[in-house]
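2 protein chains.
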Amino acid sequence: MGKIEEKKERKRRAIMSAARDVFRSEGFVLANMDRIAAEAQVTKQTVYRYFPSKIELFEATLKFMGESSEEHFMKHLENPDTRKALHEFARGFVQFHLSEEHLETFRLLVAESGKAPEITKAFFSVGPEDTGARLSRFFSERLGLSEPDKPMRLWTAMLLALRDGVLLGRARPTAREIEEHARTATDFLLAGISFEA
Amino acid sequence: MGKIEEKKERKRRAIMSAARDVFRSEGFVLANMDRIAAEAQVTKQTVYRYFPSKIELFEATLKFMGESSEEHFMKHLENPDTRKALHEFARGFVQFHLSEEHLETFRLLVAESGKAPEITKAFFSVGPEDTGARLSRFFSERLGLSEPDKPMRLWTAMLLALRDGVLLGRARPTAREIEEHARTATDFLLAGISFEA
DNA sequence: CAAGAATCATACTGATTAGTATGATTTTGT
DNA sequence: ACAAAATCATACTAATCAGTATGATTCTTG
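Line order of the protein sequences matches chains R and U. One rule links them: number in our numbering = place in the first sequence (from 1) + 638. One rule links them: number in our numbering = place in the second sequence (from 1) + 638.
You may find that some hints are simply not true.
As the list claims (entries may be wrong) - With a straight-line Cα cutoff of 16 Å, these simulated EDC-like cross-link-like pairs (lysine to aspartate or glutamate) come out:
| no. | chain 1 | residue 1 | chain 2 | residue 2 |
| --- | --- | --- | --- | --- |
| 1 | R | LYS701 | R | GLU742 |
| 2 | U | LYS788 | R | ASP825 |
| 3 | U | LYS713 | U | GLU697 |
| 4 | R | LYS682 | R | GLU694 |
| 5 | U | LYS788 | R | GLU817 |
| 6 | R | LYS788 | U | GLU694 |
| 7 | U | LYS759 | R | ASP802 |
| 8 | R | LYS701 | R | GLU767 |
| 9 | R | LYS788 | U | GLU818 |
| 10 | U | LYS692 | U | GLU726 |
| 11 | R | LYS713 | R | ASP768 |
| 12 | R | LYS692 | R | GLU664 |
| 13 | U | LYS713 | U | ASP768 |
| 14 | U | LYS713 | U | GLU726 |
| 15 | R | LYS701 | R | GLU647 |
| 16 | R | LYS692 | R | ASP672 |
| 17 | U | LYS701 | U | GLU726 |
| 18 | R | LYS701 | R | GLU739 |
| 19 | R | LYS713 | R | GLU726 |
| 20 | R | LYS759 | U | ASP802 |
| 21 | U | LYS759 | U | GLU705 |
| 22 | U | LYS788 | R | GLU818 |
| 23 | U | LYS649 | U | GLU677 |
| 24 | U | LYS788 | R | GLU815 |
| 25 | U | LYS701 | U | GLU739 |
| 26 | R | LYS788 | U | ASP825 |
| 27 | R | LYS788 | R | GLU767 |
| 28 | U | LYS759 | U | GLU817 |
| 29 | R | LYS788 | U | ASP768 |
| 30 | U | LYS692 | U | ASP659 |
Bear in mind the hints are in silico, worked out from the structure with no lab data behind them.
All chains, full assembly: derive it from the sequences and hints.
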């Protein structure tokens, strides 16, 4: 019964997947609907059957992208050694945010946020807001902080210190540099909140 | 003698000024040469007499933009009260980086850095690199740090914590929130480097 | 004032591209 | 098998826009 639904869903995904690649490498304005159709191995007509316009395809694609992220580093918070949990989360967090995958998405959002502000909402809710909420809980339960939000945000901000350069086209730091930066920032956090053992 | 040179220079600036406005509000790809010419109150031909192509106009305009920035907060470092110097610098730094002027420029750079990496070099040299060098000197001389770079970068990263949201279209924080954030981050820095008095 | 440069107004070329139209072919549920 | 829906291939429309062409007008300088 649901066979046709399933097939439609597969096709829908194939189109969004192709759209994601093209949008990432070209940005919204320069992305070409003919090319998206070609890469999805589908006719342009079919693309328009699933998505009524370029902008709506873009929005759907953004949501689609958000779904597959960020479990890369959340898992480290389950480590029973609190200090280790923080250090390992930090490394994963920095790695993820410096990955080409994430940076391309971020560039896209920055570039288009002015013209379509509603687009960024989906990103925030599956991204920073979710991460922030989980981190806050960790800071509260495991570090015993009654006001976890401020230090949590300062910490994540420190962790993102390397991003601007990469975002603007500088060479990506090595794994070793990332590791060291994550450690430095985390030690700085622990010093700031006077965390013992 | 130099009268004609002077006039040419004025016209050159008028064109770049119009180009700056249009590039900021439209981005590079959507910016329209006809509109730039119109806003500069000049013929498109004249634009092309001064700048041989859209991309070269863009590069020149970026450099032009960079020239007029950032003295907003550097001056605070001259305050003889070290703690006050840091707090006031921090507030100015955050204010500047959350200003619409700076954010629009930053968005532009992020969006175009992929296609024209050389463009960002001018920005770095008049922006972050210069600020970083001066701050490093301050951290070394006034805070007595032998390794000033790491804490300096962590601090500026913390100061920029509010930027992502605004960059992606969220409401700009109030002056009061900016003030408080700058203070929190700076206190965190001072705690981290155990600065006394 | 006269010569030459700069600018103007206007129009054109050529390329790209979002979105539509059409008619043929394939896939689906029954 | 058969009707209906989906997809295909191909072509077209209409709009935008970088960059060029042309011929008239206005400044600048000597």
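Going down the list of hints, with the structure as the test:
1. LYS701/R to GLU742/R: holds (15 Å)
2. LYS788/U to ASP825/R: Holds. LYS788/U to ASP825/R sits at ~12 Å (cutoff 16 Å).
3. LYS713/U to GLU697/U: Violated, at roughly 28 Å.
4. LYS682/R to GLU694/R: holds (15 Å)
5. LYS788/U to GLU817/R: Holds: LYS788/U and GLU817/R sit about 14 Å apart, inside 16 Å.
6. LYS788/R to GLU694/U: violated (44 Å)
7. LYS759/U to ASP802/R: holds (13 Å)
8. LYS701/R to GLU767/R: Satisfied, since the Cα-Cα distance of roughly 15 Å is no more than 16 Å.
9. LYS788/R to GLU818/U: Holds, at roughly 11 Å.
10. LYS692/U to GLU726/U: violated (40 Å)
11. LYS713/R to ASP768/R: holds (14 Å)
12. LYS692/R to GLU664/R: holds (14 Å)
13. LYS713/U to ASP768/U: holds (14 Å)
14. LYS713/U to GLU726/U: The given pair, whose Cα atoms are some 9 Å apart, holds under the 16 Å limit.
15. LYS701/R to GLU647/R: holds (15 Å)
16. LYS692/R to ASP672/R: holds (11 Å)
17. LYS701/U to GLU726/U: violated (28 Å)
18. LYS701/R to GLU739/R: Between LYS701/R and GLU739/R the Cα gap is close to 15 Å, so the pair holds against 16 Å.
19. LYS713/R to GLU726/R: holds (9 Å)
20. LYS759/R to ASP802/U: holds (13 Å)
21. LYS759/U to GLU705/U: holds (13 Å)
22. LYS788/U to GLU818/R: holds (11 Å)
23. LYS649/U to GLU677/U: holds (12 Å)
24. LYS788/U to GLU815/R: holds (12 Å)
25. LYS701/U to GLU739/U: holds (15 Å)
26. LYS788/R to ASP825/U: holds (12 Å)
27. LYS788/R to GLU767/R: holds (14 Å)
28. LYS759/U to GLU817/U: violated (31 Å)
29. LYS788/R to ASP768/U: violated (29 Å)
30. LYS692/U to ASP659/U: At roughly 14 Å apart (the allowed maximum being 16 Å), ASP659/U and LYS692/U satisfy the hint.
The earlier numbered hints that this structure contradicts are 3, 6, 10, 17, 28, 29.
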